[in-house]
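Enquirer: Chains as they are written, first to last, in the working numbering: chain A, 1 to 238; chain B, 1 to 238.
No lab work stands behind these hints: they were computed from the structure. Quick caveat, the model's predicted, so the values are computed rather than measured. Misleading hints may appear alongside valid ones.
Here are the simulated SDA-like pairs of lysine to any residue, each with C-alpha atoms no more than 25 Å apart in a straight line [as the list claims (entries may be wrong)]:
#, chain 1, residue 1, chain 2, residue 2
1, A, Lys120, B, Gly213
2, A, Lys31, A, Gln6
3, A, Lys85, A, Val129
4, B, Lys72, A, Gln15
5, B, Lys42, A, Gln6
Number of protein chains: 2
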Amino acid sequence: MISKNQIKNITRLQQKKYRQQEGLFIAEGVKVINEFLNSTFKLVDLFTTKTFNVENETLITEAELKKISALKTPNTALAVFKIPKLSLIESKGLIVALDALRDPGNLGTIIRLCDWFGVKQLLCSKETVDCFNPKVVQATMGSLTRVNVFYIDLNHYLEETKQTVFGAFMDGENVYASNLPTEGILVLGNEANGISQSIEKHVNQRISIPRFGDLQATESLNVATAGAILLSEFRRSN
Amino acid sequence: MISKNQIKNITRLQQKKYRQQEGLFIAEGVKVINEFLNSTFKLVDLFTTKTFNVENETLITEAELKKISALKTPNTALAVFKIPKLSLIESKGLIVALDALRDPGNLGTIIRLCDWFGVKQLLCSKETVDCFNPKVVQATMGSLTRVNVFYIDLNHYLEETKQTVFGAFMDGENVYASNLPTEGILVLGNEANGISQSIEKHVNQRISIPRFGDLQATESLNVATAGAILLSEFRRSN
Numbered sequence: 001m002i003s004k005n006q007i008k009n010i011t012r013l014q015q016k017k018y019r020q021q022e023g024l025f026i027a028e029g030v031k032v033i034n035e036f037l038n039s040t041f042k043l044v045d046l047f048t049t050k051t052f053n054v055e056n057e058t059l060i061t062e063a064e065l066k067k068i069s070a071l072k073t074p075n076t077a078l079a080v081f082k083i084p085k086l087s088l089i090e091s092k093g094l095i096v097a098l099d100a101l102r103d104p105g106n107l108g109t110i111i112r113l114c115d116w117f118g119v120k121q122l123l124c125s126k127e128t129v130d131c132f133n134p135k136v137v138q139a140t141m142g143s144l145t146r147v148n149v150f151y152i153d154l155n156h157y158l159e160e161t162k163q164t165v166f167g168a169f170m171d172g173e174n175v176y177a178s179n180l181p182t183e184g185i186l187v188l189g190n191e192a193n194g195i196s197q198s199i200e201k202h203v204n205q206r207i208s209i210p211r212f213g214d215l216q217a218t219e220s221l222n223v224a225t226a227g228a229i230l231l232s233e234f235r236r237s238n
Numbered sequence: 001m002i003s004k005n006q007i008k009n010i011t012r013l014q015q016k017k018y019r020q021q022e023g024l025f026i027a028e029g030v031k032v033i034n035e036f037l038n039s040t041f042k043l044v045d046l047f048t049t050k051t052f053n054v055e056n057e058t059l060i061t062e063a064e065l066k067k068i069s070a071l072k073t074p075n076t077a078l079a080v081f082k083i084p085k086l087s088l089i090e091s092k093g094l095i096v097a098l099d100a101l102r103d104p105g106n107l108g109t110i111i112r113l114c115d116w117f118g119v120k121q122l123l124c125s126k127e128t129v130d131c132f133n134p135k136v137v138q139a140t141m142g143s144l145t146r147v148n149v150f151y152i153d154l155n156h157y158l159e160e161t162k163q164t165v166f167g168a169f170m171d172g173e174n175v176y177a178s179n180l181p182t183e184g185i186l187v188l189g190n191e192a193n194g195i196s197q198s199i200e201k202h203v204n205q206r207i208s209i210p211r212f213g214d215l216q217a218t219e220s221l222n223v224a225t226a227g228a229i230l231l232s233e234f235r236r237s238n
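Just chain A, with the same shape it has in the complex:
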């Protein structure tokens, strides 16, 4: 059984304002929930149509699940977890930074890419979509448990950092011919506008993915696919 009040409290976690106020977020589906349960994330409530054999579990009906789910097709269970307190950013290793990324699907894909390529720290400008947005949580497939996402004043951070800052630009150096280090910060820009002028000032090395099509070919790659190719290049060459 789930009360009207609980339904209200859960569904409003679909909004960033309430997630920040409560320090909570929702995850859905057996696979995704299990990834969070097997991590350091703290479970607050689990509403499920089939038992997980955990504490804080409430068995509910499909109809009740539908009332609290953010998915078009709810999948077995919905869990409420605490948003973890992050430690400090360590300026070492390969770091990815996002400048005002807007699309939840793109952020989810980039978090999965970071996980695949062993990038432990993802820095997001404050304008970047929230990583605890339900769409992002579902798109990451649990990678959020292994990648630390920091929302910061990116401009200020890049101004102070001693690491080399890389950015993708059309006029950058051919990434296949570039000598890429094992450490550094790779900046990816906004879907429509790319890297903003204020962030561009802090870029030390401009890189670009060569185009192989004819002159009329597409003018840009999607930010997640460009990120995939660039991370692959950083890891391949080291």
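Assemble chain B onto chain A, guided by the hints.
Expert: Same frame as chain A, now just chain B:
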């Protein structure tokens, strides 16, 4: 002015059945429509709130545009184009083949990637989402005008082809260490199930993208990001 009958005929092109019956598809927004207008695609009707100075143009109001648009936020214009008659597949160069890809966004991203990397031919199994689906058309950003998409019996085609067939598998050879040719067919699989068993039989070279995270890391990459990395590898090494 736009009639009720016209509205019905246009909106039903959002369904594959009617696109195939009529041999027509819709494209929206100034930028995307201009890419098709500047290609060999044949315009049938253009409904727009601002003139394009072309024949077959009907000026309409924002309210009318809303009635025919497939977008949440309609953008200036909607055009109806003829689905082109394709020539025969040429078994040369680098070709991408999709085995039952279901997500329109992924197909759109892969068509853009083909365009970027100079892949002129994209083979789709009959179960793959239709490339003239409005979501795919919008996601391709005009790349559909430069990449020929063929819907075929993929199993039969791969059985007959003399080109080398490459497929991505977890247990494949490290793609960074592989000797990749300039010609061949790269098969990408379904989002949930990967490459099907019947298609797998025709794969001559199994390749894989190494994972750099720890052992617990994400079990797979999104098909579009995996495709991005693999196409980048094919082009980089030649």
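Enquirer: A separate judgement is required for each hint: does it hold in the structure or not?
Expert: Hint check:
1. Our distance criterion of 25 Å between C-alpha atoms is met by Lys120 of chain A and Gly213 of chain B, whose separation comes to about 9 Å.
2. For the hint pairing Lys31 of chain A with Gln6 of chain A, the CA-to-CA distance comes to about 23 Å; that is within 25 Å, so the pair holds.
3. Restraint check: the Cα-Cα separation between Lys85 of chain A and Val129 of chain A comes to about 18 Å, which is no more than 25 Å; the hinted pair holds.
4. A C-alpha spacing of about 20 Å is found between Lys72 of chain B and Gln15 of chain A, which places the hinted pair at or below 25 Å, so the restraint holds.
5. This hinted pair does not check out: Lys42 of chain B and Gln6 of chain A have alpha carbons roughly 55 Å apart, beyond 25 Å.
Checked against the numbered hints given earlier, the structure breaks only hint 5 and satisfies all the rest.
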